[in-house]
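K.L.:
Next come the chains, spelled out residue by residue.
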Amino acid sequence: MPSNRTLPELVCPAGNLPALKAAVDNGADTVYLGLKNNTNARNFAGLNFDATSAREGIRYARERGRHVLLAINTYAQGADIGRWRAAIDEAADLGVDAVIVADIGLMDYAARRHPDLRLHMSVQGSATNYEAINLAHELFGIRRAVLPRVLTLDQVRHVIENTAVEIEVFGFGSLCVMVEGRCLLSSYATGESPNTHGVCSPARFVRWEHGAESLDARLNGILIDRYRKDEAAGYPTLCKGRFQVADDTYYALEEPTSLNVMEMLPQLIEIGVAAIKVEGRQRSPAYTAQVTRALREALDAAGREGSRFTVRPGWQQALAKVSEGQQQTLGAYSRPWK
Amino acid sequence: MQVPDLVLPPLVARIASRLPATPPSWLLVGLLNQLVRRQVLPADMSLLAGRRFEVRVLDAGISLRFTADEAGFRVDTIAETADLCFSANAADFARMMLREEDPDTLFFNRKLAIEGDTELGLIVKNLLDSVDWSNTPVGRFMAA
Ligand code: SF4
Chain A
1 MPSNRTLPEL VCPAGNLPAL KAAVDNGADT VYLGLKNNTN ARNFAGLNFD ATSAREGIRY
61 ARERGRHVLL AINTYAQGAD IGRWRAAIDE AADLGVDAVI VADIGLMDYA ARRHPDLRLH
121 MSVQGSATNY EAINLAHELF GIRRAVLPRV LTLDQVRHVI ENTAVEIEVF GFGSLCVMVE
181 GRCLLSSYAT GESPNTHGVC SPARFVRWEH GAESLDARLN GILIDRYRKD EAAGYPTLCK
241 GRFQVADDTY YALEEPTSLN VMEMLPQLIE IGVAAIKVEG RQRSPAYTAQ VTRALREALD
301 AAGREGSRFT VRPGWQQALA KVSEGQQQTL GAYSRPWK
Chain B
1001 MQVPDLVLPP LVARIASRLP ATPPSWLLVG LLNQLVRRQV LPADMSLLAG RRFEVRVLDA
1061 GISLRFTADE AGFRVDTIAE TADLCFSANA ADFARMMLRE EDPDTLFFNR KLAIEGDTEL
1121 GLIVKNLLDS VDWSNTPVGR FMAA
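Chain order of the listed sequences is A and B. Going by the numbering used here, the residue at position 330 of the first sequence is 330; the numbering climbs one at a time, nothing skipped. Counting from 1 along the second sequence, just add 1000 to a position and that's the residue number in the numbering used here.
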């Protein structure tokens, strides 16, 4: 029986204007972006938007009936809270449809200063249960929460059933394992982490060393992984490295892999998720176009076909090709734990 | 338009590697400077100035070497190791430039190698990604 629920919003990443246009042109309902500084968790050199490109992007999306979200999802750092507040002010000024925020101090600021600015709680806010989400709703009026990639489908359903806040879940992209908003692994190697500096494994600490038989990935000198010739590579993040534990060298924490929920789309629609998010503001417009197109078609089909829905090989191929480590998983959604 | 999946025959590399590398480098530099001048390439030259770049087209057997200063790009004639080197086959470079393929995808698939200063690599990648070709005549060839 086809589901009579409304389709979740497809929320796609944009690291720059061409990617934003690619997302809109290929069927994203909503595009999310960040500013050119450490107020967002993809603070990479040359990536992201300044006021001019943001305005142009917002205009492009609006003209086509789409929404734009601004991620201000790192934690304001002691000495310099002003920059984060300024980012909130800028978001209000730009007139984005919502801001994605992790830091509750910043939510408080936004709620007081810009009561009309819609607030979404970032995945970095690490709210994994409805009590946390409802509290943020009571205190700051958040309208949506992005769930960390740690919950099973049943747990997601349970959250949705117990909150009035819209729930957004991840649908595709590189996995940041299990500890979103709480991870200090890259701080261990470099002194910088996503929550503080907006970047996991900062590029200036990364070195790729090409040997005769292998490719070595180093993060601030620490050997993260050694790929054999032609073996698929991943991002040089500590959580996805191979390490020597006792006498074994293996992916001790997590394998380089991408989340892909395509086969679960009918269930996600059924339990009433409000939005499905694609990871990857650091990727190029080609990625945004390919992933958005595949998920748009899949989501529309899942909405039409309900339980008869099957994943088409073409979509799967498109997503498999762009996946980190070229492996895919349903992640926590399908774990047996309760 | 899709770039066909082809690798140039080894003969091409054998011949090309014996030709002086300067003419292709010179062409590339000319093109880059045009793009900067027309403000298509929103390059912050201060981030690139003084750095040496190398682009190795593996199956063509050619290596393009150039450097930058505050004013623009020029051919690099000094045979020192570049700060940043990209290597891939011609078809994969074409796919990247036409936005058929994302450089990270090619990198994960080991079709693109990056050596040297990774941050500089990211600056260059993000610079190329941020070019809005839709306002230029090249726009209609782009995949995304
Ligand atoms: S080290 Fe891994 S788990 Fe930690 S922030 Fe980076 S990607 Fe996420």
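Just so you know, these hints were derived from the structure itself, not from any lab. Some hints here could point you the wrong way.
[Claimed, not checked] Okay, the calculated beta carbon distance ranges per label pair: (1) ASN1033/B - ALA164/A: 27 to 37 Å; (2) THR1081/B - ALA164/A: 40 to 50 Å; (3) ASP1005/B - THR310/A: 26 to 36 Å; (4) ALA212/A - ALA1094/B: 24 to 34 Å.
Backbone N, C-alpha and C define an ideal beta-carbon position, used for all residues, glycine too.
K.L.:
If a hint holds in the structure, say so; if it doesn't, say that too.
P.N.:
Hint by hint, here is what the structure shows:
At about 57 Å, the beta-carbon gap between ASN1033/B and ALA164/A misses the expected band of 27 to 37 Å. With their beta carbons about 60 Å apart, THR1081/B and ALA164/A fall outside the hinted range of 40 to 50 Å. Here the CB-CB span from ASP1005/B to THR310/A is close to 28 Å, well matched to the stated 26 to 36 Å. For ALA212/A and ALA1094/B, the hinted distance range of 24 to 34 Å is satisfied, since their beta carbons lie about 28 Å from each other.
Hint check: violations occur at hints 1 and 2; the rest are consistent with the structure.
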